[in-house]
Amino acid sequence: MLLRHTPFDEPPTHPGMHEEVGALPSSEYSAVELGELASSVSRLLMACLGAKQGGRLLALDANDHFLLDNAKQLVEDGLTALHFLVAKDRLAPGTDKITLCNCMVQTVLNKQMGTGRELSTIQDLESYFEGIASVLAKARESGIETVTERQLAIAQLFFLELANTLPFEQRDDETKVTITMEEVLLRELKRVAQEEGVPVHKLVADIILGHLNDSKATAAAGSRR
Amino acid sequence: MVRYMTLVVSLPHEAAEQLRDLASRQRSTIDGFVADTVEAWLEQRRKDARLGRKKHALSEVRAASSEGQKGD
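Going line by line, the protein sequences match chains A and B. Counted from 1, the first sequence has number 726 at position 134 by our numbering; the numbering is strictly sequential. Counted from 1, the second sequence has number 197 at position 66 by our numbering; the numbering is strictly sequential.
It cannot be assumed that every hint is accurate.
[As the list claims (entries may be wrong)] Non-contacting residues of chain A with respect to chain B, defined by C-beta distances greater than 10 Å in every case (computed): (1) D661; (2) N662; (3) T687; (4) C695; (5) T713; (6) V784; (7) I799; (8) A813; (9) G814; (10) S815.
[Stated by the list, open to error] Calculated lysine-lysine pairs in the DSBU-like style (CA-CA distance at most 35 Å, straight line): (11) K644/A x K703/A; (12) K644/A x K178/B; (13) K768/A x K703/A; (14) K178/B x K808/A; (15) K178/B x K768/A; (16) K178/B x K782/A; (17) K782/A x K808/A.
Calculated from the structure, these hints are not laboratory results. By construction, the Cβ of each residue, glycine as well, lies at the ideal position given by its N, Cα and C atoms.
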């Protein structure tokens, strides 16, 4: 597969980067998996960005590679659907890919997404998604030292926004809890969530779970006394 | 005038039960309990940042651990 260059892409530095390694089987997407994947990739890219900004080396492990592979596959599947939607002579991909494409487009349409200009045409969208896939492939195959901070920041923002846009579904072992809070508090949470690279609902769930665990530990310590 | 917004979070069944239980034991609503918890967490985060012992973001932790592994 040939990875084309985009406006925010750097020239290739490694000859091997155009070769696809270990292509993943085509997958069916569920909103839960997509949400989890987008959040995890956002956090991983945030970690890469932090390490790069701090001038440190961040070695990617097998789990990181798995995430990057799946993230790249996801963007490519969305792109396949986008190509189908704009060209009538193509073979239709699965409906899940069309849904995925809709989600991806809805996430970025008419927004700048760190690229300096709004993504408002099909061409903008194609270049943008190709760019994201290219950054992920580069990071996966050649390491994060081969991608720039700007490329990482653009890719991270995409997955964060995607995680925020996806209509998340609850797992079988989970319950949805609706919380009402002051707008100013929610705004502060959104800012912190952005800094942490996670969707706000995930950050709040983590804060609650952390607090509940602390309460449990305190209660257990109290009963031992 | 204070404006309110809603947010939907997904919690394990047991945690959601525990949340209801804790909130009622503290004679609070879930909304009030979560707001207090979140505010306390944000305050702690601000305090840590001021004291320079900012709870390191995942980036820092990961970088430190991978450097540690290299040194081992």
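Would you list, in rising numerical order, the hints stated earlier that this structure does not obey?
Hints 6 and 7 are the ones this structure does not satisfy, whereas the remaining hints hold.
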